Amino acid sequence: MDVEIYRFKKWTNYIFWYQNRCFEIRGLWLHYYWDTDDVGNVIRGSMNLKNATAWRVNEKKLHLSNHSLIYYLKSDSKKDMDIFVRKLKELNVVITDS
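Every letter in the sequence shown is one number past the one before it in numbering that gives the first Met the number 0, and letter 6, counting from 1, is 5.
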């Protein structure tokens, strides 16, 4: 099975700010990893996308929530974020634009 990997900066904390992370979607789950070597092996965090919502802050920034977790994501390009948002919409994630 081919797995599509999305690369974003994810907010971590006020010491490290945004850090590069790799994301994959499996079923209705979004998993993230520290880097591509971890994909499929060491999941650093997961979010159930069932009933998730997202707020597109601008063309490269997205806040994704499932009401118990919030991921603050930044992309290096509008194109990469558009591809990810399109995938989320396919999974019925409600996207609100700013």
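Quick caveat, the hints were computed from the structure, so don't treat them as lab data. Since the structure is predicted, the reported quantities are computational estimates derived from the model, not experimental observations. Glycine is no exception: its CB is placed at the ideal position from the N, C-alpha and C atoms. Among the clues, some could well be false.
What the hints assert, rightly or not - Simulated restraints, written as ranges between beta carbons of each label pair:
id: 1; residue 1: N40; residue 2: K77; range: 27 to 33 Å
id: 2; residue 1: N12; residue 2: S67; range: 16 to 22 Å
id: 3; residue 1: T35; residue 2: D96; range: 25 to 31 Å
id: 4; residue 1: V41; residue 2: D96; range: 19 to 25 Å
id: 5; residue 1: D36; residue 2: D96; range: 33 to 39 Å
id: 6; residue 1: T11; residue 2: S67; range: 26 to 32 Å
To be verified - Below are the BS3-like pairs computed for lysine-lysine, each with C-alpha atoms no more than 25 Å apart in a straight line:
id: 7; residue 1: K59; residue 2: K77
id: 8; residue 1: K8; residue 2: K78
id: 9; residue 1: K73; residue 2: K9
Mind listing which of the numbered hints don't hold for this structure, in increasing order? Of the numbered hints, 4, 6 do not hold.
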